[in-house]
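J.: For reference, the chains in residue letters:
Number of protein chains: 2
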Amino acid sequence: MLTELKRLLGDRATGDDGVRQEHGTGFSYHQSMPPDIVVYPRSTDEIAAVVRLCDRHQVPIIPFGAGTSVEGHILALRGGVCMDLRRMNKVLELDFEDMYCSIESGVTRNQLDNILEGSGFFFPVGPGVNATIGGMAATRASGTNAVKYGTMKDNVLSLTVVLPNGQIIKTAGKAKKSSTGYDLTSLFIGSEGTLGIIAELTIKLQSYPEFSKAAVCSFPTIDEAVKTAIKIIQQGIAIARVELLDAFIMNAINRYSAMDYREEPTLFLEFNGSSKTVEEQIRSVEKIALELGTAGFLWEKDELSRKKMWTVRTDAAPAVAALVPGAKMMSTDVCVPISRLAKCINETQTDLKNSGLMAGILGHVGDGNFHLAIPILPDDHATLEKAKDLNERLVRRALAMEGTCSGEHGIGIGKQRYMDLEHGKSIDLMRTIKQAIDPNNIMNPGKMLPDK
Amino acid sequence: MLTELKRLLGDRATGDDGVRQEHGTGFSYHQSMPPDIVVYPRSTDEIAAVVRLCDRHQVPIIPFGAGTSVEGHILALRGGVCMDLRRMNKVLELDFEDMYCSIESGVTRNQLDNILEGSGFFFPVGPGVNATIGGMAATRASGTNAVKYGTMKDNVLSLTVVLPNGQIIKTAGKAKKSSTGYDLTSLFIGSEGTLGIIAELTIKLQSYPEFSKAAVCSFPTIDEAVKTAIKIIQQGIAIARVELLDAFIMNAINRYSAMDYREEPTLFLEFNGSSKTVEEQIRSVEKIALELGTAGFLWEKDELSRKKMWTVRTDAAPAVAALVPGAKMMSTDVCVPISRLAKCINETQTDLKNSGLMAGILGHVGDGNFHLAIPILPDDHATLEKAKDLNERLVRRALAMEGTCSGEHGIGIGKQRYMDLEHGKSIDLMRTIKQAIDPNNIMNPGKMLPDK
Chain W
132 MLTELKRLLG DRATGDDGVR QEHGTGFSYH QSMPPDIVVY PRSTDEIAAV VRLCDRHQVP
192 IIPFGAGTSV EGHILALRGG VCMDLRRMNK VLELDFEDMY CSIESGVTRN QLDNILEGSG
252 FFFPVGPGVN ATIGGMAATR ASGTNAVKYG TMKDNVLSLT VVLPNGQIIK TAGKAKKSST
312 GYDLTSLFIG SEGTLGIIAE LTIKLQSYPE FSKAAVCSFP TIDEAVKTAI KIIQQGIAIA
372 RVELLDAFIM NAINRYSAMD YREEPTLFLE FNGSSKTVEE QIRSVEKIAL ELGTAGFLWE
432 KDELSRKKMW TVRTDAAPAV AALVPGAKMM STDVCVPISR LAKCINETQT DLKNSGLMAG
492 ILGHVGDGNF HLAIPILPDD HATLEKAKDL NERLVRRALA MEGTCSGEHG IGIGKQRYMD
552 LEHGKSIDLM RTIKQAIDPN NIMNPGKMLP DK
Chain B
132 MLTELKRLLG DRATGDDGVR QEHGTGFSYH QSMPPDIVVY PRSTDEIAAV VRLCDRHQVP
192 IIPFGAGTSV EGHILALRGG VCMDLRRMNK VLELDFEDMY CSIESGVTRN QLDNILEGSG
252 FFFPVGPGVN ATIGGMAATR ASGTNAVKYG TMKDNVLSLT VVLPNGQIIK TAGKAKKSST
312 GYDLTSLFIG SEGTLGIIAE LTIKLQSYPE FSKAAVCSFP TIDEAVKTAI KIIQQGIAIA
372 RVELLDAFIM NAINRYSAMD YREEPTLFLE FNGSSKTVEE QIRSVEKIAL ELGTAGFLWE
432 KDELSRKKMW TVRTDAAPAV AALVPGAKMM STDVCVPISR LAKCINETQT DLKNSGLMAG
492 ILGHVGDGNF HLAIPILPDD HATLEKAKDL NERLVRRALA MEGTCSGEHG IGIGKQRYMD
552 LEHGKSIDLM RTIKQAIDPN NIMNPGKMLP DK
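Protein chains in written order, with the numbering used here: chain W, 132 to 583; chain B, 132 to 583.
Since the hints were derived computationally from the structure, they do not count as laboratory data. Mixed in with the good hints, there may be bad ones.
It does not matter which identical chain is meant; a pair holds if it fits inside one copy or across any two.
[To be verified] Heads up, simulated DSSO-like pairs for lysine-lysine below, C-alpha to C-alpha not over 30 Å straight-line:
(1) K407 to K362
(2) K301 to K279
(3) K362 to K279
(4) K517 to K358
(5) K556 to K519
(6) K301 to K474
(7) K335 to K418
(8) K221 to K438
(9) K474 to K335
(10) K279 to K439
Bound conformation, chain W alone:
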């Protein structure tokens, strides 16, 4: 197999042990399972050639973006070929008149930000890591901007996909809307590499807001912070970001990022639009937060400090990890209808206290989505088991509230056991689709859908 792959890709196919190890685990807390071979295609045609070869030999293919997924999406459960897409990093078309951009799937978030710098446009979807845009599509990623701009599901116009049989398809054209045929774009977004390989994307761009303002505001208890977020959403205020960080997280970021925030449950807020719109929104939100007991708002004074504040927020996960040197992070990820969020977080906080685990609560509360960040040392099986139990209770709590076991991280192998509970008989339909599109089960086998 390696010989044949080398014939296709030369040095860009390797069985090197170090390279294989690097591709075995990603950011997840799961045990490493390296692939047999790693390949680095540089074009959609090369991807297709590798896929056809793997199909012929019935060898598993694991698509790999930046390895930043957290549920074991990229573990080579059954060996096979890891397809590292980071050399697929060209921008194919920038169209500011129609507000879209076509890229290869290995372009990363930071790279895209740099490309768009100064254009007046930006891509709003951003998880807290420098993921590839293709990987973000594959896991239906979101992040802090989703409350205003939606998730990957809402921000992709079209995909170029290599199917398990090696065929290359485009899922849609470039019109803003269309009613012609099955929505193939949405089918591949969130499919976690189990139906094909996303090789190129046409993504929607947003106009840079005229004006942005950000603030930090803390509360005596987490309940009041969450209720503030809920009221903001229920009043229909088009806030740009509303993030919750509990006292534990605030302590961790004060240490990690050398800040001196109050170590209380806190909301990080951002408003954008015209200056008048922003003023109006701020007035409404201040009223809600003051009624719910905030000590006040700490406004970021300029663009630099606003950016700094969001870097601090992005660094919350590494900040927690840094509390336990050498630890990997388990990050839970439920999402519930907004009215049930306070109850869900309160019960989770109590559960967390009782568990004796060290962890923080943070999340995109405007979407009803939150995480526990739990640092775990690689060999600390007792803590891992405790954390898994806590996560299981959390998932069951969220599902009982008509929520979901993952708002944005996906299933991988970490959440397969909850798929039946969440989806019931729909799992059969998902299996039917998988079986039809990937009859030899070569695409990221063993992921997402639980075994029967």
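Starting from the known structure of chain W, arrange chain B on it as the hints suggest.
T.: Coordinates of chain B only, in the frame set by chain W:
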């Protein structure tokens, strides 16, 4: 078959000739093809029982909402059972805290508007007819509000679907976002009854805007009207509606609705939000429109006249039909990236003039979506052929501009011939999905996907 169906549904299964004829054509210009039997289920379980029976006998099922689709979606090409869903019209849950509403699929737009009246919430998707919400999901409908609120694709949380094997599934929970498994909701939206029957929907509600203002503004030529719309979008102004009506349409609605608008290319505009936001938007749009040569804005003075204006807009299609008593309407429906809209409409206008056909141009130009409304007498084959030719040239023009052959009407049988041209090899993947989910091809057979 009828005997067995009567055993299940009593009088709500019928082979009556008049009833069959009523279900044979809908609003489309296509020749009537009535089903053999019409059934009126009143619950999801009844739908499932009928589907199981039809599956056993391999009898086609044609889901029927309000019969307002325009591309022949509900023609019984191969006979079979028409499933009229209008008695599935119960509201199941209204949750204003979480801003959603669960309904049976036969609830119509007008019924839903009445239910939500006074609640402070509304459902934004609205085609120009009193369609059922289930039918709107099945065709991925949109309408005048889509430029701000999106289409059915963006406004459904979850569906209850009866699959071709009689299984009842729910496609998702009620969280605002989720990354757990294939996006089944999106798969059924726009599937035109070919994969299963949408029995229930959970749809997203929007807060009623604090303030709305609407205006009519006309231009010397259609080019300036379209360019105004393009600039509005490109400047990122969050306009609520921006509709184009050409001089022909303005003449038709003046007659039909007894108005005295200037009979020139015209934009119908709506702004909503806080009063300050609306003021800002209006200033920006006035500036653009004046630069492009509008004679000025005719502002609607109160809520009543604003509503009247949108009723007049909704009645544009019947207004054109009324010009030719007894005529049915052919409505074309392309959508292109916004920067290419002016060119597409200009070339289409020239083509229309040269064709000698009588027709008007109107559309949701903020989305890059427009229609030709062409009245055709049932027996006037020559005009029908001319109109089909014009439509074909229009579709090819839109596709050459990376657009789509349907922005919102769907494929049915009317646009099957363009599916290959638009989707290329993706059609094979769509066929694979259809074959896997509906192996006996009982669900609306012969629609959407062209024969091989």
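J.: Run every hint past the structure and note whether it holds.
T.: Comparing the hints with the structure gives:
Proximity of K407 and K362 under a CA criterion of 30 Å is satisfied in both settings, with 21 Å inside one chain copy and 22 Å between copies. Taking the closest pair of Cα atoms, K301 and K279 come within 30 Å of each other both inside a single copy (28 Å) and across two copies (27 Å). When the C-alpha separation of K362 and K279 is checked against a cutoff of 30 Å, the pair qualifies both within a copy, at 15 Å, and between copies, at 23 Å. Taking the shortest alpha-carbon separations for K517 and K358, only the intra-copy value of 29 Å comes in at or below 30 Å, while the best inter-copy value is 62 Å.
For a Cα distance limit of 30 Å, the shortest separation of K556 from K519 inside one copy, 25 Å, qualifies, whereas the shortest one across copies, 44 Å, does not. With identical chains, the CA atoms of K301 and K474 are at most 30 Å apart between copies only, with a shortest distance of 25 Å across copies and 43 Å within one. In this homomeric assembly, K335 and K418 come within 30 Å of each other (Cα to Cα) only across copies, at 27 Å, whereas the closest approach inside a single copy is 34 Å. Taking identical chains as interchangeable, the C-alpha atoms of K221 and K438 lie at most 30 Å apart only when both belong to the same chain, with a minimum of 27 Å there against 49 Å between chains.
Proximity of K474 to K335 under the C-alpha cut-off of 30 Å is restricted to the inter-copy arrangement: shortest distance 22 Å between copies versus 35 Å within a copy. In this assembly of identical chains, the alpha carbons of K279 and K439 lie at most 30 Å apart only when taken from the same copy (21 Å versus 32 Å across copies).
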